[in-house]
Amino acid sequence: MRFLLRRLLLFALALLGLSLVIFAALRVLPGDVATIMAGLNSPPERVAALRAQLGLDRSLPRQYADWMSGLARGDFGRSMLTGQPIGAQVISRAVITFPLIGLGLGLALLIGVPLGCVSLMAGSPRLRSLSHVLSIVGGSIPALWGGLLLILLLSRGVGLLGILPAQGFPDLGWSDPARAWASLVLPALTLGILVGASLMRYTRSALGELADSGRIDLARACGMTRNEALVRVGLRLVLPQLVSVVGLTFAEMITGAMVVENLFALPGLGSGLVTDLGGRDLIAVQSELFMLAAFFLAMGLLVDLLHRALDPRLKAAPGSGEAGA
Amino acid sequence: MSMDMRMNMHAGKSVAGQEPPGGESPTSSRLRRAWQRARFVVRAVWAQGEGRFAMTVLCLWILVSLVCLAWTPWPLWATDGYRVWQTPSRAHPLGTDGTGADVLSWLLAGSATNLAICLLTVVLAGALGSLLLAATVSRTPALAGSSTVVVDALISIPTVLIALILAVPMGSSALVIVLACGIGYGLNLARVARPAALLAAGSDYALSALSSGASGWRILTRHILPNALPAIAVQLSLSAGSSVLAEAGLTYLGVGVPSGLPSWGHSLTTSVRLVNVYPLTVLWPGLVVTIVVVSLNLFGDALREAIDPASNPALRQEAV
Amino acid sequence: MSLHIDNLRVQLGDVFVVRSAGLEVGVGQRVGLIGPSGSGKSMITKAVLGMLPPGARASGSIRFFGQELLGLDERAMADLRGSYIGTVFQNPGASLNPVLTVARQVELPLRLHYRLSRAERRERVADMLARVGLTADLAGKYPGQLSGGQQQRVAMATALVTAPKLIVADEPTTALDSITQRQIIDLLVRLVDDTGASLFFITHDFTVLERACRYSYVLDQGRVVEHGPTDRLLAAPREPLTRRLVEAADALTLRAEDSGISEDHRLRPEPFLQPSLHDPRGRGNE
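Residue numbers (the numbering used here), protein chains in the order written: chain A, 1 to 325; chain B, 1 to 320; chain C, 1 to 286.
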């Protein structure tokens, strides 16, 4: 329980710190926010009007307080480019990005963990070194190139086997789930291969260490073969660390997700952020960056809690049973 | 650690300022030993098949970068409005881009940019990471505790996010990449090398050196950091690979190297548009990036084997 | 002959860690293997169990009730382990599965080798726990909640639940304090004798060996340098290594604090002792 409280405190502090950093970054500009947003050639009246409208003429601490209280209320302001409330915009974009990341992670686990096991347990040394090479190459492919190759291979129109849509997200959105998911497959697969390579390497080294350290010896002595023991006992024992590693790959994934969203023309958080940056909609950028940061800190928190829940060493404190032989 | 240092330690003398036999100054003898150790390591890396491949590619990269600073098949600014988006030909083996410039030349010239970004990132990440590491093993509990917390809290922030935040005031530039990657990988380094550093800081050698009067700074630089060096070196080599990938992604997103400068990210971005013109040219920039990143990763793996005194006998006499 | 090792050689890379070792464990006998660390004892154990590290090469002969073990594939060895050969490891804290309760750990060999109903398994587990001296309420606990001695008892229960013919005990008491050591050894000896199983006991400590085994082999750098009835080795060691090990034993407290423990069990005749090469009259040391 104390751990939970400490961790939540850490989360809150990090979030606060990050909000300050984001806020500061948007104020440390060559020129003034309003000028940049209005455009460098705008007449001064327009700039002044914008400044007043966005509350940029107030003091900095006041602006920060306004922003924070707005976030707490759920009022993220209005986008300068589209005029829409930013909150609604963020949600409509998140609805694409989060399933993308989820699918990507699922594919990564499906690809990485079994291949990692295979690379350790396979009989022939050639298969083992092939998987080793595969894991290194898989982790070295730039997301952009990987996506392009998949497009060249599998997409309709350009690709060899035209089975999946190349770009875009259906206008109907999730009301037509089949088409929606279909358009997420190739981008998610790109992410899955990238992150799957890391997971594959990790699984292999963790299981290898386990096997060498003798922690599966008792299972073998009870009657399991080495491979059975690795899968039935070993995977469960490395699970907590695997969860942590998955948490670390989230960072890899968001980079990939942003690239992939742009490449496959998916109107998600990543491409939205880039558009807003390009369009100098700094107020929207401020809140969107904060949302992304909060998402990542929340993932980190979840991963830490899950790790702790799964770690068998923390199942019960030593000495809580009776002492003596 | 040499025999005389060990003996002095047991005799209770301060670690600092003792003269090795021969009257050489302590600094230059330390440098000489470090150089010897580095040569052993490099030799051990070269001895492994993958290490050899990696080092060859990396040397090629450096070579091409240096050459391209002076010469490229076509000058980079040679645009030709009549020949945009051309398919590959003898004059332009990889075709031309939207301004009529030669794609191959831009790809080759990009090596220099990426090499510079890579080196700067490694230096920054190494410096920041070592600083944070030093703070983590500090004897002041407040400093140690808070730096650990800071590292753990910030480490889950993806590099691209840092880059985006920096891009707002700074615009898109290579510096954004260097700073974002340097900070991100530096934090990562501080976390990954922490166990090795803590082990060295709590070791009997460090504790007895402390009690015989050596200053914390000395122990840090002479014992803790050298012992954490293997973990640091391997992690930096992996970070180098990640920085190349990061540059590709960030430039594509518009927050990295601006479009006026050549870089591999730029070439990859160009190739996206060439997909419709001539799909196969997509192969080359990505292939170059993949091979270089693979080499950096393989180098890191080979380094890990080479630096471990257990698997590299030549290092054993020199082991601290 | 439950276990017969002949001319065993084990190679790790370029180094021979076991060079031409030979020993025998008769049916129902308790035989020990003693040597300093690095002498190759663990490798012999691993070779018997078919759990050598990858990259190790073994040659020679290891016969288990006449069946040659070297060269059996992993599946065949796994079938023998846990059903015919039980193992007790040195460090129960590291070998017991931390996510399994005591009951599930002990029933694991039963689940792997036999088709029993849940009730039958539960019964046998409860019986086993009682026999190793653990109270029933510990069945639902995790290894992390038990003391070292309790953990080792769980390990023994796991090893013996299928009534195997051979128990291999690889330094089972080294990680325990001296009082617990005595209790565990006595328990192990009693359980082994009650079922008529053979015991192959590995250790580096003569006082432990004296308590556990009638006949012992001394191992030095991969070779058997001396063997004989344990009492004779202690009283009249011939090889210098044996002498050193005996001297080390004399210095240990286990021997000195022997007061209050009956001498009986060390000289108790073993119920199913068969005549064998090293004990032709089948009567043990009298």
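Any given hint might turn out to be false.
Unchecked claim - Covered stretches of chain A, as calculated for chain B (at least 3 residues, CB under 8 Å):
(1) 19-26
(2) 81-92
(3) 113-126
(4) 258-265
(5) 275-286
As the list claims (entries may be wrong) - Sample of chain A residues with no beta-carbon within 10 Å of chain C, all distances over it, derived:
(6) S205
(7) R226
(8) V233
Hints listed in this document are in silico derivations from the structure and should not be mistaken for laboratory results. Note that beta-carbon positions come from the ideal geometry of N, C-alpha and C, so glycine has one too.
Open item on the list: Quick check for students: does the CB of A:V233 sit more than 10 Å from each CB in chain C?
Closed with: About 6 Å separates A:V233 from the closest Cβ of chain C, which leaves it inside 10 Å; violated.
TODO: Closer than 8 Å, Cβ to Cβ, for at least three residues: run that test on the stretch 113-126 of chain A against chain B and report holds or violated.
DONE: Not satisfied, violated; 0 residues make the cut.
TODO: Examine the stretch 258-265 of chain A: at least three residues should have C-beta closer than 8 Å to a C-beta of chain B.
DONE: holds (count 4)
- [ ] Report holds if the minimum CB distance from A:S205 to chain C is greater than 10 Å, and violated otherwise.
- [x] Given that every Cβ of chain C is farther than 10 Å from that of A:S205, nearest at about 15 Å, it holds.
TODO: Confirm or reject the coverage of the stretch 275-286 of chain A by chain B under the rule of 3 or more residues with a beta carbon closer than 8 Å to the chain's beta carbons.
DONE: Our answer is that it holds, as 4 residues pass the Cβ test (under 8 Å) against chain B, meeting three.
Task: Claimed coverage, the stretch 19-26 of chain A by chain B - three or more beta carbons nearer than 8 Å - done: With 4 residues closer than 8 Å to chain B, the stretch 19-26 of chain A meets the three-residue bar; holds.
- [ ] Could you check that no beta carbon of chain C comes within 10 Å of the beta carbon of A:R226?
- [x] Non-interface label on A:R226 violated, nearest chain C Cβ at 6 Å vs cutoff 10 Å.
TODO: Please count how many residues of the stretch 81-92 of chain A have a CB within 8 Å of a CB from chain B and say whether that reaches 3.
DONE: With 0 residues closer than 8 Å to chain B, the stretch 81-92 of chain A misses the three-residue bar; violated.
Hints 2, 3, 7, 8 from the list above are not met by this structure, while the remaining hints are.
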